[in-house]
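S.K.: Each chain is listed here by its residues.
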Amino acid sequence: MAIQDPIEEGLASGWKHIDASQLSEDRTLEADVVIVGSGAGGGVAAEILTQAGLSVIIVEGGSLKSSNSFNMEERRAYPNLYHQAAGMKTKDKAIGIFQGRAVGGSTTVNWTTSIRTPEPALEFWTKEKSVTGLSRAELDPWFQKMEQRLNISKWEYEPNRNNQALKTGCEKLDWDFTVIKRNVKGCWNTGYCGMGCPVNAKQSMLVTTIPSALDLGATLVSRAKVIELEHHNGKITGVRAQALDEQLKPTSVELNFKAKHYILSAGAIHTPTILMRSGTDDPHQLLGKRTFLHPTLLSGAVFSDPINAHSGAPQSIYSDEFVWRDGAAGELGYKLEVPPVHPILISSKTVGYGKSHAALMENFNQLQVTIALVRDGFHPDSQGGQVHLTDTGFALDYPLTDAFWHSARRAFASMAELQFAAGAKQVLPISEGVNYLNSWKEAKSVIADMELAPLKTVVASAHVMGGCAMGEDTKMAMVDSHGRSHYYENLSVMDGSIFPTSLGANPQLSIYGMTARNATKLAEELTASSRT
Amino acid sequence: MVNYWFLGLSITSTENRFKGESMERRTFLTTALVGTATLALGLSVYSPEHIRVNKALDSEHRLLFSVLLPVFLEDALPNVETTRVAAQNRTLDAIAETISHLPQEGQAELEQLLDMLEQRLGLLVLTGSMTPLMMRSPDELISMLEYWRNSFIDLMVTAYQGLRELVMASYYACPEHWSRLHYAKPTYFDN
Chain R
1 MAIQDPIEEG
11 LASGWKHIDA
21 SQLSEDRTLE
31 ADVVIVGSGA
41 GGGVAAEILT
51 QAGLSVIIVE
61 GGSLKSSNSF
71 NMEERRAYPN
81 LYHQAAGMKT
91 KDKAIGIFQG
101 RAVGGSTTVN
111 WTTSIRTPEP
121 ALEFWTKEKS
131 VTGLSRAELD
141 PWFQKMEQRL
151 NISKWEYEPN
161 RNNQALKTGC
171 EKLDWDFTVI
181 KRNVKGCWNT
191 GYCGMGCPVN
201 AKQSMLVTTI
211 PSALDLGATL
221 VSRAKVIELE
231 HHNGKITGVR
241 AQALDEQLKP
251 TSVELNFKAK
261 HYILSAGAIH
271 TPTILMRSGT
281 DDPHQLLGKR
291 TFLHPTLLSG
301 AVFSDPINAH
311 SGAPQSIYSD
321 EFVWRDGAAG
331 ELGYKLEVPP
341 VHPILISSKT
351 VGYGKSHAAL
361 MENFNQLQVT
371 IALVRDGFHP
381 DSQGGQVHLT
391 DTGFALDYPL
401 TDAFWHSARR
411 AFASMAELQF
421 AAGAKQVLPI
431 SEGVNYLNSW
441 KEAKSVIADM
451 ELAPLKTVVA
461 SAHVMGGCAM
471 GEDTKMAMVD
481 SHGRSHYYEN
491 LSVMDGSIFP
501 TSLGANPQLS
511 IYGMTARNAT
521 KLAEELTASS
531 RT
Chain E
1 MVNYWFLGLS
11 ITSTENRFKG
21 ESMERRTFLT
31 TALVGTATLA
41 LGLSVYSPEH
51 IRVNKALDSE
61 HRLLFSVLLP
71 VFLEDALPNV
81 ETTRVAAQNR
91 TLDAIAETIS
101 HLPQEGQAEL
111 EQLLDMLEQR
121 LGLLVLTGSM
131 TPLMMRSPDE
141 LISMLEYWRN
151 SFIDLMVTAY
161 QGLRELVMAS
171 YYACPEHWSR
181 LHYAKPTYFD
191 N
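Heads up: the sequence lines are chains R and E, in that order.
According to the numbering used here, the first sequence is numbered sequentially starting from 1.
According to the numbering used here, the second sequence is numbered sequentially starting from 1.
The set of hints was computed from the structure by calculation and includes no laboratory data.
The reader is advised that the hints may include incorrect statements.
[Said to hold, decoys possible] Derived pair list, reagent style DSS-like, types lysine-lysine, alpha-carbon separation capped at 25 Å:
| # | chain 1 | residue 1 | chain 2 | residue 2 |
| --- | --- | --- | --- | --- |
| 1 | E | K185 | R | K185 |
| 2 | R | K475 | R | K235 |
| 3 | R | K127 | R | K154 |
| 4 | E | K185 | R | K65 |
| 5 | R | K456 | R | K91 |
I would like the entire structure built from these sequences, with the hints used as guidance.
M.R.: What follows is the structure, given as structure tokens:
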């Protein structure tokens, strides 16, 4: 069955798109606003600014891929759509990080979970991080606007059996759970969101705000890696980028962009990296520090009946039973969710090889997987990671602290308890040295004593946040509470890097809502100044 | 064949710095290995016909991986000889492709590890023995992997994890290898 491809149609209709891999000569482009990055922040900003009548250029390091190339195979999706072919790791290799790299950024490959920023996080930012104007009451209209724009609504279908197990476990144990809101329209419930939506049902930036901005005359430049911002006397004066070839390796072609205003939306890690590489002002040495990951633990469970965790909406239920239980700054809380289970994902994110691994894989369709996303950045012993520049790029040094491991142990116990309550025959915490556990009683005692350590315990992340924090106090923040730079009058940051802590929730809707608020204000200012 | 990921690699960008600094070669281990590459894999003694490789030009380390695959993938590879050989060759192709998607720094690290495993001195450092991998029994190869896996030296553990993830990701990338999983992508879109 043929599916219409809105990107191919848009390109045929005359969208201004420059694929930098096809350039043979240097180029200079000008607009009112240059946006670096096309993910949750860049996409929303591009639509709002073009709607305000401003000319916009969107510069994206990744490729422009669309539904015709989304073939539901990990082997194509990972190199095409993820940073480092989905193999990015922290400096000590203890945490694997999934971050999108394509037009649409991580929204092209995320699992569609849409959650408004939790109130305890916003309250913590107000009290501890000098953030102003970001109460839930002030933000809710912006969340509402973006929920409407991206068709975010509660998933009304039956959860798949992977999510159903999470729900059943919560019901049996009388734990909190929530039916997830998803940004989908006409979803086929197939389960391949992480490989690019093959039917354009996911309302990612790729099929919503970016096409809308292009329809209004914006220019999209793909496969152009921004190297540095040029700056002089408190103003950004230009952006220099390097063209990449089809394999995203650098070519000798250089692009220069000039604008009245510049927006960095390259995501946590890359936004601070660009600023650090540019040698921009950072008197309090904040850039790249306090980078947060929601470091995530996995627990496998074998059920008698098929779970088929690859099939159906990947995430439709979550539990916040343990996220805020000890207060924001108390013990690190953890959110319980489930991931889609596909062959490369699960064969890589488990332990062992040979007979034991083959036996695990033979249970592929009986395998339920629960994940615990640890809320980092609130507890004094949870300062997150730090991005450093290296000879060839950057490295993220993220120490896993005692406070983290303490919560990890509690999280493994909660996941095992939940999985047994849901009917699991066996539970396997994904960490070296642990065997299949046959009962909650056994699990409780084994998990209490199991070795937990970097490189022994599998830790993953799909949420990169922080590194360029917002707030009014320049000792803590690089940008103000509207994302405007404290040091450069024509520079804004609109992405997850401005979060002063992690969120305790999947980040896309927080980025959408806050960007809508900040970009709307910026558009008003820029259009007012152009009239005067 | 296209695929990807998941080596134990540092988080680094794929590109050189803009200003053109030369890339500093990273050392996988600080040990400086002196001496010429030897036939540490035992190529002169044994080289199976079905591994399609020019020994002098084995830049993809196919022989090395052909020794490791049966250990990493025991019970996963098909039992029938012809399909087993085809699966191994397909996985070797996938490994080469996966490596090509790694960032430059990651490729350099992996290359250094693989080179060491093809040299007697490197083998001594990494495994405590100069015996070429091809001359080792499956049990000896398992002991080697377990030695790395349980080492208190992080570099050993990351060597094990890097190879493990490379092999697993490459093997399970191939739809031909999914039948044991009873996994298949939907076919709604097939014309």
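S.K.: Against each hint, give a clear statement of whether it holds in the structure.
M.R.: Status of each hint after checking the structure:
Between E:K185 and R:K185 the CA atoms are separated by roughly 21 Å; this keeps the pair inside 25 Å, and the hint holds. A distance of roughly 21 Å separates the Cα atoms of R:K475 and R:K235; the hinted pair therefore holds under the 25 Å criterion. Between R:K127 and R:K154, the direct Cα distance comes to roughly 31 Å. Violation of the 25 Å bound is thereby established for this hinted pair. At most 25 Å may separate the alpha-carbon atoms for a hinted pair to count; E:K185 and R:K65 meet this at roughly 20 Å.
Between R:K456 and R:K91 the CA atoms are separated by roughly 15 Å; this keeps the pair inside 25 Å, and the hint holds.
The structure does not agree with numbered hint 3 stated previously, though it agrees with all others.
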